[in-house]
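Peer 1: The sequence shown lines up with residues 1 to 154 when you count with UniProt numbering.
Careful: at least some of the hints might be erroneous.
[Unchecked claim] In silico DSS-like links for lysine-lysine, alpha-carbon gap of 30 Å or less:
#, residue 1, residue 2
1, K137, K99
2, K137, K126
3, K97, K44
4, K44, K88
5, K30, K44
6, K126, K99
7, K132, K99
8, K126, K111
9, K111, K137
10, K44, K104
11, K111, K97
12, K104, K126
13, K30, K137
14, K88, K137
15, K88, K99
16, K111, K30
[As the list claims (entries may be wrong)] Each pair of labels, with its calculated beta carbon distance range:
#, residue 1, residue 2, range
17, N34, I152, 18 to 26 Å
18, E28, A66, 32 to 40 Å
19, A54, E136, 25 to 33 Å
20, E65, K99, 34 to 42 Å
21, V109, G82, 44 to 52 Å
22, E45, Q102, 23 to 31 Å
23, K137, A73, 33 to 41 Å
24, D120, R147, 15 to 23 Å
These are computed hints drawn from the structure, not numbers from a lab. Think of the CB as a built atom: it goes at the ideal place given N, C-alpha and C, for glycine as much as any other residue.
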Amino acid sequence: MNAGELERIRAAARPVVVAEGYELVDVEIKGGPNTRVIALYIDKEGGVTHEDCAQISSQVGLVFEAEETIRSAYTMEVSSPGLTRALKRPADFIREKGKLAQLKLRAPVGKSNNLLVTIDDADENKVTVTVKDSGEKATLDYSDIARANLEIEF
């Protein structure tokens, strides 16, 4: 995957998605050169329906075609990021304050680098969490986090 191509796709899709009242949560390019899939993940307050995804797919597809954003064959998928969505950017952590998340850290904190936490606070540089098992609070730089996903609370 070419970072420039990914940014070009994101830049072409974002205005369409935002104009329709959604947030463009993420963009991925999957598959190989002959089976490329462009995956757009959208969200809005109250969630996303199948019809929302179809509408955005149609509109973004027209923009991609008009601007020649993608120069080879592709399939586009538009969906919600899901209940256990990845948290990749500071904005993701800020939006999900108060929610449960699974963090995989680059280096262990205590005995483990896998933590189930509640997101207490977040800004552009750091996230403050409470470890579910111990109640211990930790403030982490985003660079300390290898991977993060929301978890479903029961």
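Peer 1: Please go over all the hints and tell whether each is borne out by the structure.
Peer 2: Each hint tested on the structure:
| no. | hint | result |
| --- | --- | --- |
| 1 | K137 x K99 | 15 Å, holds |
| 2 | K137 x K126 | 13 Å, holds |
| 3 | K97 x K44 | 16 Å, holds |
| 4 | K44 x K88 | 17 Å, holds |
| 5 | K30 x K44 | 24 Å, holds |
| 6 | K126 x K99 | 16 Å, holds |
| 7 | K132 x K99 | 11 Å, holds |
| 8 | K126 x K111 | 22 Å, holds |
| 9 | K111 x K137 | 15 Å, holds |
| 10 | K44 x K104 | 27 Å, holds |
| 11 | K111 x K97 | 25 Å, holds |
| 12 | K104 x K126 | 15 Å, holds |
| 13 | K30 x K137 | 37 Å, violated |
| 14 | K88 x K137 | 21 Å, holds |
| 15 | K88 x K99 | 15 Å, holds |
| 16 | K111 x K30 | 35 Å, violated |
| 17 | N34 x I152: 18 to 26 Å | 36 Å, violated |
| 18 | E28 x A66: 32 to 40 Å | 22 Å, violated |
| 19 | A54 x E136: 25 to 33 Å | 45 Å, violated |
| 20 | E65 x K99: 34 to 42 Å | 38 Å, holds |
| 21 | V109 x G82: 44 to 52 Å | 27 Å, violated |
| 22 | E45 x Q102: 23 to 31 Å | 24 Å, holds |
| 23 | K137 x A73: 33 to 41 Å | 50 Å, violated |
| 24 | D120 x R147: 15 to 23 Å | 19 Å, holds |
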